[in-house]
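2 protein chains.
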Amino acid sequence: AILDRIEDFYATRGDRPLLGKHVVVTSGPTHEPIDPVRYIANRSSGQQGHAIAAALAGLGARVTLVSGPVTLADPAGVETRHVETARQMAAAVDAALPADIVVCAAAVADWRVAGEADQKIKKDGSGQVPALAFVENPDILATVSKPGARRPPLVVGFAAETEKVVDHARAKLARKGCDWIIANDVGSGPDGGVMGAADNAIHIVTAGGVESWPRLAKTEVATRLARRIAETVKERNI
Amino acid sequence: AILDRIEDFYATRGDRPLLGKHVVVTSGPTHEPIDPVRYIANRSSGQQGHAIAAALAGLGARVTLVSGPVTLADPAGVETRHVETARQMAAAVDAALPADIVVCAAAVADWRVAGEADQKIKKDGSGQVPALAFVENPDILATVSKPGARRPPLVVGFAAETEKVVDHARAKLARKGCDWIIANDVGSGPDGGVMGAADNAIHIVTAGGVESWPRLAKTEVATRLARRIAETVKERNI
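Protein chains in written order, with the working numbering: chain A, 1 to 238; chain B, 1001 to 1238.
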């Protein structure tokens, strides 16, 4: 009976290889205000990031999901924190560290509007149009990837590209200092794009090379990616 | 028995005072693309416009609802046409005319991005930020209100304001040439704004004066507004 229980213990651990690990996942778009009523958004639905958070929790990890504005329910078994802007997302990720693994799946706005207006910008009938100036947002992936004691052992970024998908992903890997870039083509596909769609064709770009997966349901991409992360955690003894 | 049936007929007509009238209602935000993944949006949820469309249909009107991107279900008994941009909304409204009544409740973007990019605008690491130039969108309310044989007898616009609500609404009424402006304060209220909230405090601004309503559920605003429109249709023999 004791042997059975020991076997059970290991069997359970085998199914939950990320037990005791803390993973931070970002998901969804960010919204960057222009004035009290207008904002800049992007077409990320959060489906892929939310599915990854759920899949990692399914493998036993403690998952903190930092989510931009989405219409999805919070995944069960995951601690979800809701943010709107890139700056809020950066702060929430920072507050959630330390982590063993960080997966930056959110489509964070690269730029925000400089000098957000306090009042609605009005059309005055003169035909004059406003000019918007932008400033760069904090780079969450690069910040998390910075070498140092706080750097999570495995940092995974995403690249949403519309052309030269793998080339851009390699450049992004080098520029950000993360371990993997999951690249996908958001401008093509049978339904005219991956954002908001139910499936996704990805390439995992690492220093070692490129692994290209067939087009799969986003939930299947998430399950496989969580398994792939668990393998790496085991191999690298994270 | 025949008398009963005649009475029934008139009773039913009394409950359906907009029978035989065609109403076009616009609702929701518009999304104006910046590039294949980014766009400019606004905080309109479409709740008020959709509720108005449903309430008008409830009074017997044939309603065409032209809706921007919302997460609401299409109202029952209403023909709903889905659009994304201001230009698409303008074309859909034009295609839906002639109408006896037009209610422009959508929060149409005043401006769109000039020269939408075919490819995702990339952050190249240089720290350079893009500049966005804008052009004015078609003005649906002003276009519908233009004098002429095609002008609907009753044109109602909305004004989402954050300050000097009634003053701005009066100016808008004169500028657009519509019959009523329904003005609301989107920047204040107990929950920090009306957009996305369940209730709404409105002012009906006409050439004759201002009628201010107490803060009500958006469904109640819709019911009362539909009744108010039906009264006007009767009074003015539209």
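The hints are simulated quantities; they were obtained by calculation from the structure and are not laboratory data.
Please note that a few of the clues may not be correct.
Claimed, not checked - Some chain B residues near chain A, calculated using beta-carbon distances under 8 Å:
no., residue
1, L1097
2, D1100
3, D1110
4, G1115
5, K1120
6, V1129
7, V1210
8, W1213
9, L1216
Glycine residues also receive a C-beta, built at the ideal position from the N, C-alpha and C atoms.
Evaluation of the provided hints:
Checking B/L1097 against chain A: minimum C-beta separation of about 23 Å lies over 8 Å; hint violated. Violation of the interface hint for B/D1100 is found here, the shortest Cβ-Cβ separation to chain A being roughly 28 Å, above the 8 Å cut-off. Given the 8 Å rule on beta carbons, the hint for B/D1110 holds: about 4 Å separates it from the nearest Cβ of chain A. Hint status for B/G1115 relative to chain A: violated, with the closest Cβ pair at about 13 Å, above 8 Å.
Given hint, B/K1120 at the interface with chain A, holds; its Cβ is 5 Å from that chain's nearest Cβ, closer than 8 Å. Given hint, B/V1129 at the interface with chain A, holds; its Cβ is 4 Å from that chain's nearest Cβ, closer than 8 Å. Nearest Cβ of chain A to the Cβ of B/V1210: about 20 Å, over the 8 Å cut. The hint is violated. A cut of 8 Å between beta carbons decides the hint on B/W1213: the least distance to chain A is about 21 Å, and the hint is violated.
The beta carbon of B/L1216 comes no nearer than 21 Å to any beta carbon in chain A, farther than 8 Å, and the hint placing it at the interface is violated.
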